[in-house]
Amino acid sequence: MKVFKTDIAIIGGGPAGLSAALAAAKAGARVDIIDAGFLPGGQYWMQDPTGAPPLSDQVSEGRDAIATIRAAGVTIHSGAEVWTVFPDLKIGANGPDGPFEIVPRAIIVASGAHDRVMPFPGWTLPGVMTPGAGQRLAKLGGMSAGDRVVLAGSGPFLLAVAETLAKIGKPPIALIEAKRTNAGILAHMARHPARWREAARLLATARAIPDRRAGWIVTEALGTERVTAVRIAPIATNGVIAHDDAEVIAGIDALLVGWGFRPMIEVTALLRCRHEYDRAQGGWFCATDPKSGRTSVEHVYAAGEVTGIAGSVPARLSGRLAGLAAAADLGFIGSDPAAAQAEAVAKLMPARRFAYGLGRLYAPPESLADLAQDDTVLCRCEEVTKRDVAAALDAGTQAVSGAKMWTRAGMGRCQGRVCGWGIAEIAARITSTTPEAAGFNAPRIPLRPVPLSVVLEATREVEA
Amino acid sequence: MVAGADVIVVGAGVVGAAVAEALSRTGRSVHVVEQGLPGGAVSGASLACIGTHMNDEEELPFLKWCCDEWAAFDAHTPTFEYDRCGQLRFLKQESELNSARHWIDVERNAGLAPELLDPAEVRRIEPLLTGPIHSATWSPNSAVVNPFLAVRMLLETAQAQGVRLTSRAPATKLRLKGDRVIGVETSAGPIDGDHVVIAGGPWTAKLAATAGVDLPIVPRKAQCLATVSQPRSIRTVVGACKAEGGVDAGYTQIQQAMSGQILFNTVLEGGVTAHGSPDAVPEVDRAFIRDSVETLLFLFPSFAEIELLRSWVRYEAVTPDDRFLTGPVGPDGLYIAAGDGGVGFCRSVGMGRIIADQIEGRPSPFRTDLYDPARFERRQAA
Ligand SMILES: Cc1cc2nc3c(=O)[nH]c(=O)nc-3n(C[C@H](O)[C@H](O)[C@H](O)COP(=O)(O)OP(=O)(O)OC[C@H]3O[C@@H](n4cnc5c(N)ncnc54)[C@H](O)[C@@H]3O)c2cc1C
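In the order they appear, the protein sequences are chains A and B.
The numbers in the first sequence follow the UniProt record's numbering, run straight up by one, and end at 464.
The numbers in the second sequence follow the UniProt record's numbering, run straight up by one, and end at 382.
I should point out that these hints are in silico values taken from the structure, not numbers from a laboratory.
A few of these clues could be false.
[Claimed, not checked] Derived list of chain B stretches under chain A, where covered just means 3 residues or more per stretch with a C-beta under 8 Å from a C-beta of chain A: (1) 36-48; (2) 123-133; (3) 277-284; (4) 291-300; (5) 304-318.
[Stated by the list, open to error] Straight-line C-alpha distance at most 25 Å; calculated DMTMM-like pairs for lysine to aspartate or glutamate: (6) K2(A) to D194(B); (7) K2(A) to E294(B); (8) K90(A) to E377(B); (9) K2(A) to E307(B); (10) K92(B) to E121(B); (11) K5(A) to D285(B); (12) K179(A) to E220(A); (13) K206(B) to E377(B); (14) K206(B) to D194(B); (15) K90(A) to E307(B); (16) K206(B) to E185(B); (17) K90(A) to E185(B); (18) K90(A) to D291(B); (19) K2(A) to D285(B); (20) K2(A) to D88(A); (21) K90(A) to E294(B).
Remember, predicted model here, so these are calculated numbers, not experimental data.
All residues carry an ideal CB built from backbone N, CA and C; glycine is no exception.
With the hints as constraints, model all of the structure from the sequences given.
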């Protein structure tokens, strides 16, 4: 098995990871990035592996960033899944050429985010996917989830997805946004003039969509073989869903529905970093010192969405800060690090304020958890229904972990990565507690399923 | 204000659940308090094999009683995936034959039917066990249960008899009046009780200490691995032949859960640690992963490309002679049932019976002196 000794290992090659890598490499540290994608870039700077011309300025910007960090001498391990990080910080990964190990002196976790998925009737039909997955299809080779796509859920990311779909010639036929544009959203935008251009561009895309609703949600996906229609209903600001006023949008072949993002905290949780909960930041996130990205665990730093959902600008800034701090803590000091830090901190604070404000304004309504019916499957891997979960909670167990033990919800192949957020919201609703109290399933080794032959190869050298 | 009870059971692991169930049959009012979630500590992490094979010679009649009790639960409430699948214990070399023959004799004398099988016979029972073993013992009466659902079944059976359960309510202190226990303090407030049974696994000693009772129970790390679900590939419980020296000389257990996941662990000599605290549970260690996967693939070479899915670690409660401490201790009304030594799932229903018998003042259908919490002091005094 190949072993790479390095100063700083960065897990995740999106904007946060790449920015961290550049800052640390410039300071003189040896840096290795491990990224699951075919090419680095993450969701935001995703690069098309077919070599098609960049869809947008965003893609070109990512391409340039990758070229810059390669030139800075950073090693990028693409197509590699991290399956373990041991307490001594040794990282086990499995890549296209088999298992390898990285032995770093410090780790920066820049693992990004998951889509937030809420189970509802029909959500397991083929053709129903998350906006993030729909956007990946478009970005990785110009494929569309369908010819007649409904885009639904909540949050500004839906507009970004609409824009990507429009670029590949398949704009959505309907955009169903749960939030009505209210005075709060307008006032928030008014306070952040730096974002007006982007907002205007995205709103122009939205205006081209024939059926646009604000204050509506998808309550059911309909179809037998795959999704062919959706039922939608108005939702009031207090969360009450007016099922009596439901309408059906028929003749569709794909539904992209999602409720923003949640931080991908598997690695930081495995390393026992301290986590906090805030709905406006996507739920559970890794607590960090904002000026350095230091976590509660020595030699472990975090940057980007894993430290709270905030988008690409804070991701780049927090990445740069974590890169600077991790390098400096190892004795690699670049030119005028104090000034570099001060500049990034000055930009990071307002960018985060903007993002968390949006996060609060577009927080998913709690009544979403009521959409699932008794026979709706919550955990797809183990086929556990809401009825099963409710019966377990009724019999005296509690929280996400109790539901898991008594029903197997979250015990299957995806280990709750897909359904975990939804089950926490639903469990909280059933037991009249908060999603925070419902908790999350602690990740364990391995972080992703990994063949036993790989595990054996990777653990054999233990004495060496 | 929480209403009082005749008996407060601290801990809703399989032992606490079994104690509550046994007491519920006596008509007493019972309140179970659990600091976390029912079955969420050692019990839920268990491989939960119910059997008599290569276990403990002196405990054999007791173990037979426990196995029958589990079968009776299954006959009545078949909700916990009870599966009488039998158990194989593999021998790697001839030198282990003495030990294997010894156990077979002991168990046959007790009326059981274990056998020694050659590799071809083993493969008739376990077709994918194609690794180069010397031979294996076969005990047809062993069963496995789903540990979560078994705890749930015991608690639900008890609740149907009126037992109350409060989750996420740690008992912080025993309450005493003179020489009697009168209840417990919990995070949900004080609870009055004429009797308190601590079935708190590795945390038992800590709560007992609040009444000045010093118990010889220490935590020991236990670890396990699971693969992604597979079609039916393993039919039995596969273990290593018990060598001299008990757990410290090495230990393997491999089985497939009803869900299809293959559950397995191997602890080799020196791999067992007593350090750490049940309150801060670490990840599995690297040597454990290696030994477990190596043993699994030694026995089942065709599993090499199956994916590992999950691992877990718990601290189990260990006593100086690896047997439970079950019975009265310290002030009047205080009982304990803990110190499972890593083999307490099967025994839990028997521990429940002992506590119920003692509180009711009636004899038990098996020896209880083996578990007397005062046995070490007695030995010292003698
Ligand atoms: C990997 C593995 C495999 C195993 N395989 C087998 C097997 O095949 N066969 C077998 O028989 N056994 C097996 N065992 C052992 C068996 O699981 C344990 O012996 C048994 O589960 C112990 O049960 P318990 O109730 O004593 O402990 P626990 O399950 O730990 O229960 C104690 C409970 O008390 C609670 N508690 C403690 N203190 C307090 C307090 N102050 N207030 C409130 N609550 C409190 C705890 O939260 C916990 O829930 C295995 C164990 C492991 C880890």
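Evaluation of the provided hints:
With 5 residues having a beta carbon nearer than 8 Å to a beta carbon of chain A, the stretch 36-48 of chain B meets the requirement of three or more and the stated coverage holds. A stretch counts as covered by a chain when three or more of its residues have a beta carbon under 8 Å from one of that chain; for the stretch 123-133 of chain B and chain A the count is 0, and the coverage is violated. With a cut-off of 8 Å between beta carbons, the stretch 277-284 of chain B has 3 residues touching chain A; three or more are needed, and the interface restraint holds. Only when three residues or more bring their CB closer than 8 Å to a CB of chain A does the claim for the stretch 291-300 of chain B stand; here the count is 4, and the claim holds.
Note: the stretch 304-318 of chain B has 9 residues with beta-carbon separation from chain A under 8 Å; the three-residue rule is met and the coverage holds. Between the alpha carbons of K2(A) and D194(B) the distance comes to roughly 64 Å, so the proposed pair goes past 25 Å and is violated. A hinted pair counts as satisfied when its Cα atoms are at most 25 Å apart, and K2(A) with E294(B) qualifies at roughly 20 Å. Straight-line distance between C-alpha atoms of K90(A) and E377(B) comes to about 47 Å, which puts the hinted pair past the 25 Å bound.
With a CA separation close to 21 Å, the supplied pair K2(A) and E307(B) stays within the 25 Å bound. Pair hint K92(B) plus E121(B) holds up; C-alpha atoms about 15 Å apart against a cutoff of 25 Å. Taking the CA atoms of K5(A) and D285(B), the gap is near 21 Å; set against the 25 Å cutoff, the hint holds. Proximity of K179(A) to E220(A) is assessed by CA-CA distance (about 18 Å); at most 25 Å being required, the pair is judged to hold.
With a C-alpha separation of about 19 Å, the suggested pair K206(B) and E377(B) falls inside the 25 Å cut-off, and the hint holds. Only pairs whose Cα atoms come within 25 Å are accepted, and K206(B) paired with D194(B) is accepted, the gap being roughly 21 Å. With a CA separation close to 21 Å, the supplied pair K90(A) and E307(B) stays within the 25 Å bound. Our distance criterion of 25 Å between C-alpha atoms is met by K206(B) and E185(B), whose separation comes to about 14 Å.
Distance restraint check for K90(A) and E185(B): the Cα-Cα separation of roughly 44 Å exceeds the 25 Å cut-off, and the hinted pair is therefore not satisfied. Taking the CA atoms of K90(A) and D291(B), the gap is about 19 Å. The hint holds against a cut of 25 Å. Proposed proximity of K2(A) and D285(B) is supported: the alpha carbons are some 21 Å apart, at most 25 Å. Restraint check: the Cα-Cα separation between K2(A) and D88(A) comes to about 18 Å, which is no more than 25 Å; the hinted pair holds.
Restraint check for K90(A) and E294(B): satisfied, since their Cα atoms lie roughly 21 Å apart, inside the 25 Å limit.
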